[in-house]
Amino acid sequence: MMFRNVQELVSLAEKEGIPISEIMIRQEMEYHERTREEIFAQMERNLNVMEKAVERGITEDVKSVSGLTGGDGKKLFEYMQSKETLAGNQLLEAVAKAMATNEVNAAMGTICATPTAGSAGVVPGVLFSTKNKLNPTREQMIRFLFTSGAFGFVVANNASISGAAGGCQAEVGSATGMAAAALVEMAGGTPKQCAEAMAMALKGMLGLVCDPVAGLVEVPCVKRNAFGSSNAIVAADLALAGIESRIPCDEVIDAMYRIGEAMPSAFKETAEGGLAATPTGRKYQEQIFGASVKKV
Amino acid sequence: MKYRSVFDIIGPVMIGPSSSHTAGAARIGLVARQLFQKEPSWVSFHLYGSFAKTYQGHGTDVALVGGVLGFETFDTRITESMKIAKERGLNYSFHEEEAQLDHPNTVKIRMGDDHQEMELVGVSIGGGKVEIKELNGFELRLSGNHPAILVVHNDRFGAIASVSTILAKHQINIGHMQVSRKEVGKEALMVIEVDQNIGPDILQEVEALDHVEKVTKIHE
Numbered sequence: 001m002m003f004r005n006v007q008e009l010v011s012l013a014e015k016e017g018i019p020i021s022e023i024m025i026r027q028e029m030e031y032h033e034r035t036r037e038e039i040f041a042q043m044e045r046n047l048n049v050m051e052k053a054v055e056r057g058i059t060e061d062v063k064s065v066s067g068l069t070g071g072d073g074k075k076l077f078e079y080m081q082s083k084e085t086l087a088g089n090q091l092l093e094a095v096a097k098a099m100a101t102n103e104v105n106a107a108m109g110t111i112c113a114t115p116t117a118g119s120a121g122v123v124p125g126v127l128f129s130t131k132n133k134l135n136p137t138r139e140q141m142i143r144f145l146f147t148s149g150a151f152g153f154v155v156a157n158n159a160s161i162s163g164a165a166g167g168c169q170a171e172v173g174s175a176t177g178m179a180a181a182a183l184v185e186m187a188g189g190t191p192k193q194c195a196e197a198m199a200m201a202l203k204g205m206l207g208l209v210c211d212p213v214a215g216l217v218e219v220p221c222v223k224r225n226a227f228g229s230s231n232a233i234v235a236a237d238l239a240l241a242g243i244e245s246r247i248p249c250d251e252v253i254d255a256m257y258r259i260g261e262a263m264p265s266a267f268k269e270t271a272e273g274g275l276a277a278t279p280t281g282r283k284y285q286e287q288i289f290g291a292s293v294k295k296v
Numbered sequence: 001m002k003y004r005s006v007f008d009i010i011g012p013v014m015i016g017p018s019s020s021h022t023a024g025a026a027r028i029g030l031v032a033r034q035l036f037q038k039e040p041s042w043v044s045f046h047l048y049g050s051f052a053k054t055y056q057g058h059g060t061d062v063a064l065v066g067g068v069l070g071f072e073t074f075d076t077r078i079t080e081s082m083k084i085a086k087e088r089g090l091n092y093s094f095h096e097e098e099a100q101l102d103h104p105n106t107v108k109i110r111m112g113d114d115h116q117e118m119e120l121v122g123v124s125i126g127g128g129k130v131e132i133k134e135l136n137g138f139e140l141r142l143s144g145n146h147p148a149i150l151v152v153h154n155d156r157f158g159a160i161a162s163v164s165t166i167l168a169k170h171q172i173n174i175g176h177m178q179v180s181r182k183e184v185g186k187e188a189l190m191v192i193e194v195d196q197n198i199g200p201d202i203l204q205e206v207e208a209l210d211h212v213e214k215v216t217k218i219h220e
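Respectively, the protein sequence lines represent chains A and B.
Position one of the first sequence corresponds to residue 1 (full-length UniProt numbering), numbered consecutively onward.
Position one of the second sequence corresponds to residue 1 (full-length UniProt numbering), numbered consecutively onward.
Bound conformation, chain A alone:
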């Protein structure tokens, strides 16, 4: 492997004078003995899947089997078109598209896990919101995914990207850091600034529990992706402004891992704590599955 942590990733990119995405592409080529064309083509297929899911979520009336989620991405998108928004359109476009993706996921539609299905909205949400601001080429969009992948790769190997192992901070938290770093690269920031964005974005999500109502990847997952995508854009702007994280990125990732280890299992995708254990959360669970499946 060419890099094992963010520090190695950044120094490698600085030494070679190339972006993070290029390091990830070269590692993939070397380690898996594949050509650049093959790797780009595979990533473009993933990009196309994401694009379709976003499109579906903001135009169709998507509804999950349980009926708990669907249609909010579309609602926000339409609101943006017709009203003057408070947060601004680029930020809200990311939020709408992130929610749209997760709603399609909850409806058992086809999505691309980034890094997981429950957190699949953040990266495409941020990516497809850049059109008017940064006007990226198709290649830049594919590179966005390689940069996201590089940071996710470090988190997955050094901490966790599983809600069952580390809580929501490991899923939406990781996705938020990945998207923030990739956005910095797309906007012309340095590899170091990518790492700062990742660190700050993840810091904002530390401790976040995985407490899905009725065990479904719906409530609060869809809205956690909404806030993940907006945090990612804010973190990218912080990094581009030259703001740095006092705690280095690798140590933030390690802190996330240790917090996940210390987290009680009620908050790790068991639907036994947090929002899942609220009276309304329990009521939904009984409505959807009947009282017979009630556990704890």
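These are calculated hints, taken from the structure and not from any lab test.
Just to be clear, a hint being listed does not mean it is correct.
To be verified - Listed below are the simulated DSSO-like cross-link pairs for lysine-lysine, each with C-alpha atoms no more than 27 Å apart in a straight line:
hint	chain 1	residue 1	chain 2	residue 2
1	B	K83	A	K63
2	A	K192	B	K2
3	A	K74	A	K15
4	A	K223	A	K63
5	A	K192	A	K133
6	B	K133	B	K186
7	B	K2	A	K203
8	B	K214	B	K182
9	B	K108	B	K38
Unchecked claim - Here are the in silico distance ranges between beta carbons for each label pair:
hint	chain 1	residue 1	chain 2	residue 2	range
10	A	N5	B	A208	21 to 31 Å
11	A	N5	B	N173	21 to 31 Å
12	B	E213	A	D61	54 to 64 Å
13	B	E80	A	E244	49 to 59 Å
14	A	A262	B	E96	23 to 33 Å
15	B	Q204	A	M29	26 to 36 Å
16	A	G207	B	Q204	49 to 59 Å
17	A	K283	B	E80	28 to 38 Å
Glycine included, each C-beta is placed from N, C-alpha and C at the ideal position.
Chain A is fixed; fit chain B onto it per the hints.
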């Protein structure tokens, strides 16, 4: 390192809603199906940890059955797998287990037909990636991401060398290899993950070896 490719992170393309509980479950089911080498007539799923608690909500049940039917994580037939199982005459059952295992997303799959039975323990480690921990009582580690073969053989000197010699002759590079046995001199198991796909001719050549009883390809 558990994750070795960028496509473990940006991927897989899958049917929702959960990479660990849906895509990972489908992959474990599919590996079990490939190891059994045909469609079983019955299958029972024993679920542990978070799998046991939330399997219905995440479509883990649907995905496991879909995998056993031979469907990939992105196959839209997964959503219909209970119906398809009934049409094909596959009997399935689910059992929620109380035991706490190392990883919260663990499933034990038993399957069989009139002639044979098989038992496998799989873990969904996150992001759609899986590991196979146990096969018919043998402990093993199998990621399911590389072409791999399983060789059931007698625990004798030279058995491992003879298999690797054949692979070397065909310029097949071994990425990971593991040998396990229950008792000295009895039945043993080799798991070999390789970089290139292994053709049927090579499998036959390995199967023809002394001390080798059975060879199975588990992944392309």
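Hints and how they fare:
For the suggested pair K83 of chain B and K63 of chain A, the alpha carbons sit about 21 Å apart, so the restraint of at most 27 Å is met. Between the alpha carbons of K192 of chain A and K2 of chain B the distance comes to roughly 26 Å, so the proposed pair stays at or under 27 Å and holds. Distance restraint check for K74 of chain A and K15 of chain A: the Cα-Cα separation of roughly 44 Å exceeds the 27 Å cut-off, and the hinted pair is therefore not satisfied. A C-alpha spacing of about 15 Å is found between K223 of chain A and K63 of chain A, which places the hinted pair at or below 27 Å, so the restraint holds.
A hinted pair counts as satisfied when its Cα atoms are at most 27 Å apart, and K192 of chain A with K133 of chain A qualifies at roughly 22 Å. At roughly 21 Å between alpha-carbon atoms, K133 of chain B and K186 of chain B fall within 27 Å of each other, so this suggested pair holds. With a CA separation close to 24 Å, the supplied pair K2 of chain B and K203 of chain A stays within the 27 Å bound. For a cut-off of 27 Å, the pair hint linking K214 of chain B to K182 of chain B stands: about 17 Å separates their Cα positions.
The straight-line distance between the Cα atoms of K108 of chain B and K38 of chain B is roughly 18 Å, inside the 27 Å bound, and the hint therefore holds. For the pair N5 of chain A and A208 of chain B, the supplied restraint of 21 to 31 Å is violated, since their beta-carbon distance comes to about 47 Å. Roughly 28 Å separates the CB atoms of N5 of chain A and N173 of chain B, a value that falls within the hinted 21 to 31 Å. Checked against the given bound of 54 to 64 Å, the beta carbons of E213 of chain B and D61 of chain A, roughly 57 Å apart, stay inside it.
Checking the proposed 49 to 59 Å range against E80 of chain B and E244 of chain A shows it holds: the Cβ atoms sit about 51 Å from each other. Taking 23 to 33 Å as the suggested C-beta distance range, the pair A262 of chain A and E96 of chain B conforms, at roughly 26 Å. Taking 26 to 36 Å as the suggested C-beta distance range, the pair Q204 of chain B and M29 of chain A conforms, at roughly 34 Å. The supplied range of 49 to 59 Å is met by G207 of chain A and Q204 of chain B, whose beta-carbon atoms lie about 56 Å from each other.
Judged by the Cβ atoms, the range 28 to 38 Å given for K283 of chain A and E80 of chain B holds: they are separated by roughly 30 Å.
The structure does not agree with the numbered hints 3, 10 stated previously, though it agrees with the rest.
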